[in-house]
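In order, the protein sequence lines correspond to chains A and B.
full-length UniProt numbering puts the first sequence at residues 1 to 164.
full-length UniProt numbering puts the second sequence at residues 1 to 747.
By construction, these hints were calculated from the structure, which means they are not laboratory data.
Some hints here could point you the wrong way.
The following label-pair restraints were derived from C-beta to C-beta distances [as the list claims (entries may be wrong)]:
1. B:232 x A:162: 54 to 64 Å
2. A:130 x B:230: 45 to 55 Å
3. B:87 x A:130: 49 to 59 Å
4. B:619 x A:123: 30 to 40 Å
5. B:230 x A:123: 34 to 44 Å
6. A:126 x B:267: 54 to 64 Å
7. A:130 x B:533: 52 to 62 Å
Away from chain B, derived, C-beta distances all over 10 Å, residues of chain A [to be verified]:
8. 16
9. 67
10. 105
11. 114
12. 120
13. 150
14. 160
Here a beta-carbon is modelled for each residue, glycine too, at the ideal position from N, C-alpha and C.
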Amino acid sequence: MSFSLTLTVNGETRAIDLDDPRVTILDLLRERLHLTGSKKGCDRGQCGACTVLVNGRRVNSCLALAVSLDGADVLTIEGLARGDALHPVQAAFIDHDGFQCGFCTPGQIMSAVGLIREGQAGDDPERVREGMSGNLCRCGAYIGITQAVLEAQARLASEQGEAA
Amino acid sequence: MPDIAYEQARHGSSIGQPLTRRDGILKVTGAATYAADNRPEGLLHAVMAVSRIARGRVTHLDVAAAKGHPGVVAVMTGANAPKLAQDPDAKDNPFMFRLDLLQSDQVRYAHQPIAVVIAETLEAATEGAELLAPRYAVEPARIGLDVEAPQEPEAVGAGDKTRASRGDVEAGLAEAERRIETVYETAAQYHNPLEPHAVVAQWDGDRLIVDTPSQALATAQMRLAALFGLDPKNVLVRSPFLGGGFGSKGFLFGPQVLGVMAAKLVGRPVKLVLRREQMFGPVGHRAETRQTLRLGTDASGALTALDHHTLTATSSFDDFYEPASALSRYLYAAPAVSTGHSGVRVDTGTPLFMRAPGEASGSVALEGAIDEMAEACGLDPLDFRLKNYAEAEPISGRPFSSKALRECYAQGAARFGWDKRAKAPRSMRDSAGRLVGYGVGTALFPALMMQAEARAEIRADGTGTVALGAHDMGQGAWTALAQIAADGLGIDLDRLDFQSGRSDLPNAGIAGGSAHTATAGSAIHSATSAVLAQLAELATGDERSPLYGAGNAGVFARGGRLLRRDDEGRGESFADILARAGRASVSAEGKAAPDPASREAYAMHAHGAVFAEVSVDPDFGQIRVTRLVGAFAAGRIVNPRLVTSQYYGGMIWGVSFALHETAVLDPRSGRVMNANLGEYHVPVNADVPAIEAILVEEHDPHVNPLGIKGVGEIGITGTAGAIANAVYHATGIRVRKTPITLDRLLG
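Same shape as in the complex, but just chain A (with noise of 0.2 Å):
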């Protein structure tokens, strides 16, 4: 049996068919269209490793089923820079050194960028910590990675103040 889905990942749009509706986004993502920037670390929803944006959305890929998706609007860690330019988040994390081994980065980085757009943290690092625990670092890079979504909050907020 074949399932027809259309996803748009990282701005392109495509026509996806599944042979098997076992498949989770990220095992999509990963094991078929070959994005591999998003990481598995438990495939249970607890690491956060493999955190992408889904509809503007922060999301655990490995517990949503691709097939559950069809029309989404995927964004991974692969389309988040513009060319050559980081995105600020990206930026702040290697300023800040929010990461060591890099397992975790790409599911920071997701969750960092949804964080702020939800807006819900603002500058207050306690509540940018409470909005990032989703994420585990086992390396232990959590105070570069609280300054670096800070910064790059800061950043984000004075760019669309002087766009507007």
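Please build the complex by placing chain B on the supplied structure of chain A, with the hints as guidance.
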């Protein structure tokens, strides 16, 4: 010559700079390739079936059902697994751990691999593994430290002595004015790097290419060659990035070899990735300990005796004993010190090195006992530590190669505000009425050196290459080693081609024991020095060179030029030297190894002091670490940005050790009941307090040519004890069992 080299490196343009990670862009864009991201043509997916029992036999697997599932290509069991050239239970040396490779139907621990299903898709392989529905002949699991009479092992940790002592501890205790005996227990922990162990294996006749995360590429290459009867030259192991290691990727484990066997069985490339629950069993862990400490002091509070004994557990079939008492050999001055270990055998996987093996577990017990002794003496915990400061290594009596621990105590205490600590426990509160406590712990980790090789080259265009099979598991080898390489060659980083992360490069040893930067860096230093010596010889022996007659020792390299030491205005570019000599390049190999003479003469350790503030809800016992300040002295700092991150990470592991991590074993089944990241707690971002790490200056002329000590593991030591002591100070309740959970405060 070593002195000159030391000077030259110290004033280099890269070493000491807080550069951002050279692999940063790859990591923030998702382009860094981890093992499981590889996809050779024709790749199949393999999923392991693992045992649900801890001891017994597998009596039945429904292979037919698994094979009948659409997409399943093969089921690998003991019946059809490829024959190996080496017995997986062979043990030629203490660092060769026994592997479970389907060689028997015996089960020796829960989550032991018992079969592998190989399929066209991950989904089919996963379902196939479920369909195997194993049946077992179950024997009772032997779990816990009281399971049998303890035995004294032949060695602990990485071949350390089981026992070491100096003086007469019993006499020292007998004559003591005050004495305590106290018992601390630490929980079993599992490394759980965010990247599960993974392997992508490709066979091409008798050639083998393996992508797998490794902290020891050459060791992995040799083990694969031995297991499959291959010439090591025909085995390539690639590991450019590890998604965390913490010791768990120091050796090749059974599941990785099973992936290689599966690829051989089906004649196609195979990817095998451990499921998270499978990380709790076949890939090592930190064993639980029960540590008994006896301390005595004279009337002034000076230690007269310190006795530290550790009971721990290893597996039923192999040997690794957590060397938790070893720390007491290095840290506090006492005329009589005794350290020892004993162990029992239990039905778990074999324990292994896990970040600060021995030191982490030993530190929480020793620092707790020292805190108890300080209180018995009526002394401030920091004053007590200073009073018992070791000017020489307690048991060996050797002087320290360097030890800026006093400065660590002073700078840390000042930054933390230790002088605001109320002496009596349970006497400080915050504005919300929560109990507040301050605690201190001393950090220590040995400054080890291992063996490594490196290759260096300078070319006629003025660019250079340094190559070695080093390992970046997050500590920053791609950056820090490249900084050492660039300075060693006297070129800018952007002129350097730095090659690493593959087993077909010179053997860079292992990334372990916090010794990789020191060891691999020293090998790089040796290779680059040899290249520069060749260049200098070409120049200083040539009348046409402005460096003529300066002698090799009279020149140094900077900015792609050799310069005279006595007149930096006179120099010549590498390109000009090579052009005149008609050479396309000069290259050399270098080696590093511990220097036996200096290791004999000096005790070598990194030191630090960690100060912790906690708040505890007086009604509910909820503990929060609110502040941590660590001050560490670890010789030369290659990259302060990365080193600070290592200290942060280590201190967060200390938070985890003190308050979060424990593998809960079901004593009936022998299974880890919380084998997932939701219930096996590690700190999340919201658990992490304000942390500061102070880099205390320290120069060490003995430890290695570059003066580098390790920084990767020391942060966990000191921290867990400081937090436990702060919890005591906040509540007046001494919890001698980690993790300290709220029920232990309310009980």
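Hint-by-hint comparison with the structure:
Our hint of 54 to 64 Å for residue 232 of chain B and residue 162 of chain A holds, since their Cβ atoms are close to 60 Å apart. Checking the proposed 45 to 55 Å range against residue 130 of chain A and residue 230 of chain B shows it holds: the Cβ atoms sit about 52 Å from each other. For the pair residue 87 of chain B and residue 130 of chain A, the beta carbons lie near 52 Å from each other, so the given range of 49 to 59 Å is met. Range check, residue 619 of chain B to residue 123 of chain A: about 32 Å between beta-carbon atoms, so the 30 to 40 Å window is met.
Evaluation of the 34 to 44 Å hint for residue 230 of chain B and residue 123 of chain A yields a failure: the beta carbon distance comes to about 58 Å. Restraint check, residue 126 of chain A to residue 267 of chain B: a C-beta distance of roughly 56 Å satisfies the suggested window 54 to 64 Å. In this structure, residue 130 of chain A and residue 533 of chain B meet the distance hint of 52 to 62 Å, their C-beta atoms being roughly 57 Å apart. Interface exclusion of residue 16 of chain A from chain B stands, the closest Cβ pair being 15 Å apart, more than 10 Å.
With a closest Cβ-Cβ approach of about 12 Å to chain B, residue 67 of chain A is found to remain outside the 10 Å limit, as its non-interface label requires. With a least CB separation of 5 Å from chain B, residue 105 of chain A falls inside the 10 Å interface cut-off, contrary to its annotation. The Cβ of residue 114 of chain A lies farther than 10 Å from every Cβ of chain B, with a closest approach of about 14 Å, so its non-interface assignment holds. With a closest Cβ-Cβ approach of about 14 Å to chain B, residue 120 of chain A is found to remain outside the 10 Å limit, as its non-interface label requires.
At roughly 12 Å, the least C-beta separation between residue 150 of chain A and chain B is larger than 10 Å, which holds for a residue marked as non-interface. Annotated as non-interface, residue 160 of chain A keeps its C-beta farther than 10 Å from every C-beta of chain B; the closest such distance is 22 Å.
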